[in-house]
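Visitor: Can you build the whole structure from these sequences, using the hints too?
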Amino acid sequence: MPLKESEAIILRSYPLGEGDRLVSFLSRSTGRLRGVARGARRPKSRFGSTLEPLSHIRIWFYERETRDLVRINQCELIRSFLATQRDYAAGLGLAVISEVTEAVLPEHEPSDAAFRLLLVTAGAIERSGQIALPLAYFNLWTVRLGGWLPPLDHCASCGIEFGVEGVFASPMRPGLLCNNCRHPGMRVISPRGLTLARRILTEKLERLAEEDWPSAPVNELNAYSLDLIEHQIERKLTTRRLLEKNLESNT
Amino acid sequence: MPDFAAPIARLIDELKHLPGIGQKTAQRLAYHLLRASPEGALALAEAIRNAKEKIRECSVCNNITDTDPCLYCTNPARNRKTICVVEEPNNILAVEKTRHYSGLYHVLGGALAPLQGVGPEQLKIKSLIERLKNGAVEEIIIATNPTAEGEATAVYLSKLLKPLGVRVTRIGVGIPVGSDLEFADEVTMLKAMEGRRDI
Ligand SMILES: [Zn+2]
Ligand SMILES: [Zn+2]
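These protein sequence lines are chains A and B, in that order. Position one of the first sequence corresponds to residue 30 (the working numbering), numbered consecutively onward. Position one of the second sequence corresponds to residue 11 (the working numbering), numbered consecutively onward.
Just so you know, these hints were derived from the structure itself, not from any lab. There's no promise every hint is true.
As the list claims (entries may be wrong) - Derived DEER-like restraints, expressed as beta-carbon distance ranges:
no.: 1; chain 1: B; residue 1: 132; chain 2: A; residue 2: 89; range: 33 to 41 Å
no.: 2; chain 1: A; residue 1: 157; chain 2: B; residue 2: 14; range: 53 to 61 Å
no.: 3; chain 1: B; residue 1: 132; chain 2: A; residue 2: 228; range: 50 to 58 Å
no.: 4; chain 1: A; residue 1: 239; chain 2: B; residue 2: 177; range: 35 to 43 Å
no.: 5; chain 1: A; residue 1: 174; chain 2: B; residue 2: 53; range: 26 to 34 Å
no.: 6; chain 1: B; residue 1: 46; chain 2: A; residue 2: 260; range: 28 to 36 Å
no.: 7; chain 1: A; residue 1: 157; chain 2: B; residue 2: 107; range: 36 to 44 Å
Backbone N, C-alpha and C define an ideal beta-carbon position, used for all residues, glycine too.
Guide: Quick look at the structure:
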């Protein structure tokens, strides 16, 4: 049972037993794991604030072949997002990215891209205090990394190249459709939403955040990506209702 | 895990739902109850049933009570200019123990916790704002827990309440009495520095 060391991001933690914590985290080298931190709920625990959601840490743990839970031995804080969570909206944004990451990533499969995406998004939320654009970036990239994003340049039915009109999407069908091929009840993505999506896939979040984006295209992309994510994980995200309420009140 | 007779397993299972009770403690309690006299064990069951039936929420402050409004809300000796806001009814006891607070209370029913689906709408915030409308309240003391959720709730409330012209204060949080600065983590220490006052 060798001691492993890795960089990690805490996704969430739950109280366990009489003073322990069950912790879900994304290890940069091993992928998503769940582990037990003994005594983490006791005052003066050696884990301190390292197990708070989105804490970027260095972690030492034991993996046991017969159990799916690792034993967390020690943690060291690299970067804390605890202060950011004092703001409700920012905390909500961080909760969305940790819930989505936990829901879409299988255990034990390393994903450096998902790891960096979490840090970049959390950093942008911390810096700007804004959540809509960082989440649109995070959610669309999560869909892309999951392999669920259809081509954004032509209609999946007739093949026509998308022009200046809006396009139509539904999580039930792969591919975006043009105005001629659309089915009733599909979600519309405006031309600005489509432009933003293309730029999200080719530019840095920092660069995009320098521009003033109207809320409509940003919210369209959030809704579209979250539809695809919920379709893949086959359940509703707990944070989504709160997120939509929050984005609504800011438009 | 050893095999228990079904009724014992059920009892252990129910006890495990209580806060801070794990498998071992639940087993110990279950065997203790089974060894006790029938009257003793049934008295406990009856006390739980009775409390559950008679106790409800105060329609003013959301404290748990057997009279509505509760004893704090109706006591003429209490100072009506101050409301202390707490997450849960049992937090009131912690404040009362100090014997230095004689104002009113407001129980939120939790703290903002998006991962658990708890946003502002799920907390009793609207009824708190209602209580400020007659202008009698001068200060709101926010005594939510010094956790990430409790802090976020305190900041959210203060942004909401300050524009209403009421003084909003936060209980001091930081180094617990009896502990050593050497062992304080950075977040706790930061809170302690922020909460400093003149002496
Ligand atoms: Zn078409
Ligand atoms: Zn009351």
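Visitor: So, for every hint listed, does it hold in this structure?
Guide: Status of the hints after comparison with the structure:
1. For residue 132(B) paired with residue 89(A), a C-beta distance near 37 Å keeps the hint of 33 to 41 Å intact.
2. Judged by the Cβ atoms, the range 53 to 61 Å given for residue 157(A) and residue 14(B) holds: they are separated by roughly 55 Å.
3. Take residue 132(B) and residue 228(A): their Cβ atoms lie about 36 Å apart, and the range 50 to 58 Å is violated.
4. The supplied range of 35 to 43 Å is met by residue 239(A) and residue 177(B), whose beta-carbon atoms lie about 39 Å from each other.
5. Between residue 174(A) and residue 53(B) the beta carbons are some 59 Å apart, a value that contradicts the proposed interval 26 to 34 Å.
6. Distance hint check: the CB atoms of residue 46(B) and residue 260(A) are about 54 Å apart, inconsistent with the given range 28 to 36 Å.
7. Checked against the hint of 36 to 44 Å, the C-beta distance between residue 157(A) and residue 107(B) comes to roughly 43 Å, which is consistent with it.
Of the numbered hints stated above, those contradicted by the structure are hints 3, 5, 6, listed in ascending order.
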